[in-house]
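**Q** If you read the sequences in order, they're chains E and B.
Under the numbering used here, think of the first position of the first sequence as 1, with each following residue one higher.
Under the numbering used here, think of the first position of the second sequence as 1, with each following residue one higher.
Please note that a few of the clues may not be correct.
[What the hints assert, rightly or not] Among the chain B residues that face chain E by a calculated CB cut under 10 angstroms, a handful are: (1) Pro-47; (2) Leu-140; (3) Ile-142; (4) Leu-165; (5) Gln-242.
[Said to hold, decoys possible] Mimicking DSS-like on lysine-lysine, the simulated pairs with C-alpha atoms at most 27 angstroms apart in a straight line are: (6) E/Lys-215 with E/Lys-280; (7) B/Lys-171 with B/Lys-60; (8) B/Lys-152 with B/Lys-196; (9) E/Lys-280 with B/Lys-220; (10) B/Lys-60 with B/Lys-269; (11) B/Lys-269 with E/Lys-215; (12) B/Lys-171 with B/Lys-152; (13) B/Lys-220 with B/Lys-152; (14) B/Lys-220 with E/Lys-289; (15) E/Lys-289 with B/Lys-152; (16) B/Lys-152 with B/Lys-269; (17) E/Lys-103 with E/Lys-73; (18) B/Lys-220 with B/Lys-196; (19) E/Lys-103 with E/Lys-215; (20) E/Lys-289 with B/Lys-269.
[Unchecked claim] Not everything, but these chain B residues come out facing chain E in the computed CB check (under 10 angstroms): (21) Gly-54; (22) Gly-72; (23) Thr-76; (24) Leu-85; (25) Pro-139; (26) Ala-141; (27) Gly-180; (28) Ala-261; (29) Asp-262.
Derived by calculation from the structure, the hints in this document are not laboratory data.
Predicted, not measured: the structure shown is a model, and the values here were computed from it.
Ideal Cβ positions, reconstructed from N, Cα and C, are used throughout, including at glycine.
Chain by chain, the residues:
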Amino acid sequence: MTPLLDACGLTVELPTAAGWVRPVNEVSLSIAAGESLGLVGESGSGKTMLALALMGLLPAGARVGGEAWLGQKATGAGEPKRASEKSALGSGVPAGKDLCALKEREWRAVRGGEIAMVFQEPMTSLNPVMRIGAQIEEAIRAHESGLTEKDVKKRAVEALERAAVTEPGIRAQQFPHQLSGGLRQRAMIAMALAAGPRLLVADEPTTALDVTVQKQILDLLDRLRRELRLGLLFITHDLGVVAQVADRVAVMYAGRIIEEGPTLEVLAAPRHPYTQGLLKASPTLERGKLSPIPGSVPQLTALPPGCAFEPRCSLRRADCVTAVPELRRAEASHTARCVLVQ
Amino acid sequence: MANDRTASLTGDPSAALSPSEILLEARELRKSYRRGGGVFSNSAKGPRFTAVDGVTLAVKGGETFAVVGESGCGKTTLARMLLRLIEPDSGSLRFEGRDLLRLSGSALRAERRQMQMVFQDPFASLDPRMRVGEIVGEPLAIHHAELRQTEKQERTAAILERVGLGADALKRYPHEFSGGQRQRIGIARALILRPKLVVADEPVSALDVSVGAQVLLLLKELQTEFGLTYLFISHSLPVVAQVATRIAVMRAGRFVEVGLADQVLQEPKDAYTRELLGAVPALPCRWSGS
Numbered sequence: 001m002t003p004l005l006d007a008c009g010l011t012v013e014l015p016t017a018a019g020w021v022r023p024v025n026e027v028s029l030s031i032a033a034g035e036s037l038g039l040v041g042e043s044g045s046g047k048t049m050l051a052l053a054l055m056g057l058l059p060a061g062a063r064v065g066g067e068a069w070l071g072q073k074a075t076g077a078g079e080p081k082r083a084s085e086k087s088a089l090g091s092g093v094p095a096g097k098d099l100c101a102l103k104e105r106e107w108r109a110v111r112g113g114e115i116a117m118v119f120q121e122p123m124t125s126l127n128p129v130m131r132i133g134a135q136i137e138e139a140i141r142a143h144e145s146g147l148t149e150k151d152v153k154k155r156a157v158e159a160l161e162r163a164a165v166t167e168p169g170i171r172a173q174q175f176p177h178q179l180s181g182g183l184r185q186r187a188m189i190a191m192a193l194a195a196g197p198r199l200l201v202a203d204e205p206t207t208a209l210d211v212t213v214q215k216q217i218l219d220l221l222d223r224l225r226r227e228l229r230l231g232l233l234f235i236t237h238d239l240g241v242v243a244q245v246a247d248r249v250a251v252m253y254a255g256r257i258i259e260e261g262p263t264l265e266v267l268a269a270p271r272h273p274y275t276q277g278l279l280k281a282s283p284t285l286e287r288g289k290l291s292p293i294p295g296s297v298p299q300l301t302a303l304p305p306g307c308a309f310e311p312r313c314s315l316r317r318a319d320c321v322t323a324v325p326e327l328r329r330a331e332a333s334h335t336a337r338c339v340l341v342q
Numbered sequence: 001m002a003n004d005r006t007a008s009l010t011g012d013p014s015a016a017l018s019p020s021e022i023l024l025e026a027r028e029l030r031k032s033y034r035r036g037g038g039v040f041s042n043s044a045k046g047p048r049f050t051a052v053d054g055v056t057l058a059v060k061g062g063e064t065f066a067v068v069g070e071s072g073c074g075k076t077t078l079a080r081m082l083l084r085l086i087e088p089d090s091g092s093l094r095f096e097g098r099d100l101l102r103l104s105g106s107a108l109r110a111e112r113r114q115m116q117m118v119f120q121d122p123f124a125s126l127d128p129r130m131r132v133g134e135i136v137g138e139p140l141a142i143h144h145a146e147l148r149q150t151e152k153q154e155r156t157a158a159i160l161e162r163v164g165l166g167a168d169a170l171k172r173y174p175h176e177f178s179g180g181q182r183q184r185i186g187i188a189r190a191l192i193l194r195p196k197l198v199v200a201d202e203p204v205s206a207l208d209v210s211v212g213a214q215v216l217l218l219l220k221e222l223q224t225e226f227g228l229t230y231l232f233i234s235h236s237l238p239v240v241a242q243v244a245t246r247i248a249v250m251r252a253g254r255f256v257e258v259g260l261a262d263q264v265l266q267e268p269k270d271a272y273t274r275e276l277l278g279a280v281p282a283l284p285c286r287w288s289g290s
């Protein structure tokens, strides 16, 4: 089966005073329709930069390398296919596009139309002086021409309804500040899904919310993913949240994926010392079990020569410093970037 | 009625506390604000919003009393009232038996020396134009102006060392440090006066998981070493579970449940406490290491 998203060697480089740094370093991942991939990492791991690369929202001056195919990968032909070949849609196999090769003009159809994003803080990503309904209508109009005003309004209210917003007709007439945090995040989700994207990127969508509201939003995202066969890339620092929403999980450290596999397997039997350390450092309701990881995340400008986690690792060996370990297969679909995996 | 509530909400074992064991005691603290309004409002009178609605508590010396609740429950307003950074509308507040609400001027300053605060955001709470040595040593300059310069510097270096920062930190600026290191600077500043009570308002919620765990364990070590009493404010039950001796669950300005941490976590009495506990995302099966 063709994955919905297939990234291979995706790299993002940013210019700094100390030269180019790689917040995203040769990341390969894939997401199928209806599947949810959790992307876990601490600040500076590159998880947000990866999301921005998939949305074509990288800061000016950033360099992108590798491939990230949305839909069927173009094979054989030397030149990667472009978004302009959308005409192939409906002819059986939809044409895929390499997100790393899109031009800004081409991004406009993809962003919102095929990939949408939900951000951490709904208050700062909604327009404070525009009614909720009007903001959703804008998203619909941007991707579908030929709808009557009445249809657009109806679709916007339906989008709110789908995101389980109660009294959607009334909410559509309100401004963001009149809604609670949870309702604002529902409105954001409604807006993201209004133009019918196939892939949803959610960057810490519940971090700013209370736990009781977080639970509702996680349940909502889970339901929508199943109903709409959405691919979901869920970015979070919280392993407990990942356990609830993700089929598979990828753990990032200093720009690279260091462990990937089925969520339950990775969380119950982690193979990389960093994943193990992260689990032991995550507070749970159990008392007296907390054990931190010493040190802190390395600066991208001063990465160690070998494994980036080596300076903090209690299991380090001599060969950890010689080269960056490759991703090794620990189980059938579980890999870890560690020399200890045999 | 009021007395019944007071007794049931003080929670065990404080009901049995002798007055000499109680470091901080608050009775029926209340604070309300005018709702809405803001800069452009001309309605001086209007409906009021009660942030803290009659909270009674007794914090025992040496314990960690945690207040947990969701955003808007009044926990930060409560913390600030306990330090008299916000004036309560009514109620009483005693520190080691002395009435804090009647104090002013130098007498209040003397009490403040005993009570310090650690803030949530280590990026916003440190003056970016001051060197770390000045930030951490400033409380000494204010409360112990009589000390010689060299002694102030020695004490500053010693406390920085104790929270895990080297002497080279003295001359550097806050922006040169990571979030976890900045929180250590905030802790050093709070502890340099050797206070009895430290109010920590969400001290790890802005930090990464691995660094947050370091800070929580550091706080516990320092508590034993300096004989500190903590009032620990957080929205997170898992975080509170790691440090609390007793837990008070706060909702809409009131304590709905107070009790020993194990009891609140394992046998919650209030429906809201159960709801909060139920909403905590659980890990599938705790990996215990090998």
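**Q** Hinted pair, alpha-carbon criterion (27 angstroms max): E/Lys-289, B/Lys-152. Please report holds or violated.
**A** violated, 38 angstroms
**Q** For the pair supplied as a hint, B/Lys-220 and B/Lys-196, is the alpha-carbon distance within the 27 angstroms limit?
**A** holds, 14 angstroms
**Q** E/Lys-215 and E/Lys-280 were given as a pair; does the straight-line alpha-carbon distance stay at or below 27 angstroms?
**A** holds, 23 angstroms
**Q** Closer than 10 angstroms between Cβ atoms is the bar; does B/Leu-165 clear it against chain E? Give me holds or violated.
**A** violated, 12 angstroms
**Q** When you check the alpha-carbon spacing of B/Lys-220 and E/Lys-289, does it fall within 27 angstroms?
**A** Holds: B/Lys-220 and E/Lys-289 sit about 13 angstroms apart, inside 27 angstroms.
**Q** Is the interface hint satisfied for B/Gly-72? The criterion is a beta-carbon contact with chain E at less than 10 angstroms.
**A** Where the cut-off is 10 angstroms and the nearest Cβ of chain E is about 9 angstroms from B/Gly-72, the hint holds.
**Q** Under 10 angstroms is the threshold here; is the Cβ of B/Gly-54 close enough to any Cβ of chain E for the hint to stand?
**A** Nearest chain E Cβ about 23 angstroms off; hint violated.
**Q** If you draw a straight line from the CA of B/Lys-171 to the CA of B/Lys-60, is it 27 angstroms or shorter?
**A** Not OK: B/Lys-171 and B/Lys-60 at ~38 angstroms, beyond 27 angstroms, violated.
**Q** Do the numbers back the hint for B/Ala-261, that is, is its least Cβ distance to chain E under 10 angstroms?
**A** holds, 7 angstroms
**Q** Taking 27 angstroms as the top limit, are the C-alpha atoms of B/Lys-220 and B/Lys-152 close enough?
**A** The hint holds at about 25 angstroms.
**Q** Does the alpha-carbon distance linking E/Lys-103 and E/Lys-73 stay inside the 27 angstroms limit?
**A** The given pair, whose Cα atoms are some 18 angstroms apart, holds under the 27 angstroms limit.
**Q** Hey, does the B/Thr-76 contact hint survive, CB to chain E under 10 angstroms?
**A** violated, 14 angstroms
Hint compliance for this structure: hints 1, 2, 3, 4, 7, 15, 16, 19, 21, 23, 24, 25 and 26 are not met, and every other hint is.
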